[in-house]
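In order, the protein sequence lines correspond to chains P and R. Take the first sequence: its letters are residues 1 to 265, numbered as in UniProt numbering. Take the second sequence: its letters are residues 1 to 265, numbered as in UniProt numbering.
Wrong hints could be hidden among the right ones.
Where chains are identical, the list cannot tell them apart; a pair therefore holds if satisfied intra-copy or between any two copies.
[To be verified] Here are the simulated lysine-lysine pairs, DSBU-like style, with alpha carbons at most 35 Å apart:
no. : residue 1 : residue 2
1   : K128      : K249
2   : K86       : K56
3   : K56       : K91
4   : K249      : K203
5   : K91       : K203
6   : K203      : K86
7   : K214      : K56
Rather than coming from a laboratory, the hints here were simulated on the basis of the structure. Predicted model only: the values in this text are computed from it and were never measured.
2 protein chains.
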Amino acid sequence: MLYTAEILTIGNELLTGRTVNTNASYIASRLTLMGFSVRRITAIRDELEEIASVIKEILGRSPAIVVVSGGLGPTYDDMTAEGIAKGLDRKLVMNEDALRELREKYQTRGLPLTQERLKMALLPEGAKPIRNEAGIAPGFTLNVNGTDIVATPGVPREMESVLESFLNHMLTRRPPVYYYEESFLVRGVMESTLAPHIKGIVKETGVYIKTHPKGHETSEPYLEVQIAYSGENPDRVKEIVRSVKERVKAVVRELGGTLDRVQNP
Amino acid sequence: MLYTAEILTIGNELLTGRTVNTNASYIASRLTLMGFSVRRITAIRDELEEIASVIKEILGRSPAIVVVSGGLGPTYDDMTAEGIAKGLDRKLVMNEDALRELREKYQTRGLPLTQERLKMALLPEGAKPIRNEAGIAPGFTLNVNGTDIVATPGVPREMESVLESFLNHMLTRRPPVYYYEESFLVRGVMESTLAPHIKGIVKETGVYIKTHPKGHETSEPYLEVQIAYSGENPDRVKEIVRSVKERVKAVVRELGGTLDRVQNP
Chain P
1 MLYTAEILTI
11 GNELLTGRTV
21 NTNASYIASR
31 LTLMGFSVRR
41 ITAIRDELEE
51 IASVIKEILG
61 RSPAIVVVSG
71 GLGPTYDDMT
81 AEGIAKGLDR
91 KLVMNEDALR
101 ELREKYQTRG
111 LPLTQERLKM
121 ALLPEGAKPI
131 RNEAGIAPGF
141 TLNVNGTDIV
151 ATPGVPREME
161 SVLESFLNHM
171 LTRRPPVYYY
181 EESFLVRGVM
191 ESTLAPHIKG
201 IVKETGVYIK
211 THPKGHETSE
221 PYLEVQIAYS
231 GENPDRVKEI
241 VRSVKERVKA
251 VVRELGGTLD
261 RVQNP
Chain R
1 MLYTAEILTI
11 GNELLTGRTV
21 NTNASYIASR
31 LTLMGFSVRR
41 ITAIRDELEE
51 IASVIKEILG
61 RSPAIVVVSG
71 GLGPTYDDMT
81 AEGIAKGLDR
91 KLVMNEDALR
101 ELREKYQTRG
111 LPLTQERLKM
121 ALLPEGAKPI
131 RNEAGIAPGF
141 TLNVNGTDIV
151 ATPGVPREME
161 SVLESFLNHM
171 LTRRPPVYYY
181 EESFLVRGVM
191 ESTLAPHIKG
201 IVKETGVYIK
211 THPKGHETSE
221 PYLEVQIAYS
231 GENPDRVKEI
241 VRSVKERVKA
251 VVRELGGTLD
261 RVQNP
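Can you make the complete structure from the sequences, with help from the hints?
As structure tokens, then:
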């Protein structure tokens, strides 16, 4: 059974190109290493109807997990909790545990719980808050028809804190799958020359091989070759990746290429 | 009339988190500065059916432009042209102009046009190739029911070359809109304290204001305040952004905050 995942990142700054979406790649990498297959990453604006409708679309594809990032803060344009509630046809309610966390973070410093601060404890009905150790706004999770939805703040270190806490303690189903990859660099072989050989090895072994061009195809051919596989037995997965790597290296040598610095030998 | 845009980035490396999607932010920034409103950025795997189905979804939302990046190369997993053709119910055909470009790039160097190399000239029926000045695989464009689709390679400098060539010479409809933003940094005011004031100014002026937290809400409040607006008259747009900036700065001073280094005065 495939454990699929989707990532939804919310924030106008992603759509104007102001912010590079490093949250998406952090989350994708973390989920991949846990054995999830990330199928789609979507970035949308801070808009209520848009958030609600994309949440519905994603749930229609029934992933095992959806990680949502951004829009949990105190400002007028933070509307992820409300958007998720709307997408699920649930009410937005004051969550007592989240409220306790906010009280602790503001009131113990003598700061009043204004309307903007209280807003961060308004979660979709049935959601469980996830403590934010690196900032204020709590994350939250809820399971809908077998899909774990987890919402994290957009500030990177807060996203990481909430995501790790979720993955380590609250994940409903953990994939029984191990993912492994290795890469190496090749000089002097064009991507289009290596292509038919790689196609043959992929077809025969089922291992994923991708060439990432780094130089210029004809004038200065320089490629990174990535080999990735996943399976239940970590030792077996590593062994398969390494044996395929040796086969590709042998082909590169036959084609007159040279192996550059190996990144993860 | 709103000129909406979508971006579709294709490549397994984006979904495993191996590659940070800097192409998406480059394209988003370029389109935003031209006056487009980027509504959605999607990243998916190199999978034929997935590409075809996402292309259909995007066209169903009728954006003015869709920029697709990645998957135009010579390898077995480069299948963007075929996926777009399938999504449009068009045939994939050998394009004579693209073939001429490949002949020039390979045969003039004494390199044969193998099957893998010829594949890069197979484009959806009716597509116009866009010369790739920075690499081999040509980009292409086609207009479907008023939506400009433009496909670029995934290697960043090749994407930039093809995209610029498209935007400067082949774009069907150019938005008559100018976008402008300024930012400044604030110390000593919590985001939740500034929030109600900003909400009021946004409501009154229609100007977009976003606070980006950079420090820690209660222990070391530090915010970047971004002010953005767009309209037909560049001078008027700048004037509005600057006057709103002064209003927000005045509020910050009243709240006891200090203005840090101004980024674009």
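Each hint, compared with the structure:
1. In this assembly of identical chains, K128 and K249 lie within 35 Å of each other by CA distance neither inside one copy nor across copies; the values are 50 Å within and 38 Å between.
2. Taking the closest pair of Cα atoms, K86 and K56 come within 35 Å of each other both inside a single copy (9 Å) and across two copies (25 Å).
3. Within a single copy, K56 and K91 get their C-alpha atoms as close as 15 Å, and across copies as close as 33 Å, so both meet the 35 Å cut-off.
4. Taking the shortest alpha-carbon separations for K249 and K203, only the intra-copy value of 17 Å comes in at or below 35 Å, while the best inter-copy value is 62 Å.
5. With identical chains, the CA atoms of K91 and K203 are at most 35 Å apart between copies only, with a shortest distance of 25 Å across copies and 50 Å within one.
6. Taking the closest pair of Cα atoms, K203 and K86 come within 35 Å of each other only across two copies (23 Å); inside a single copy the shortest separation is 45 Å, beyond that limit.
7. Taking the shortest alpha-carbon separations for K214 and K56, only the inter-copy value of 32 Å comes in at or below 35 Å, while the best intra-copy value is 39 Å.
Hint compliance for this structure: hint 1 alone is broken.
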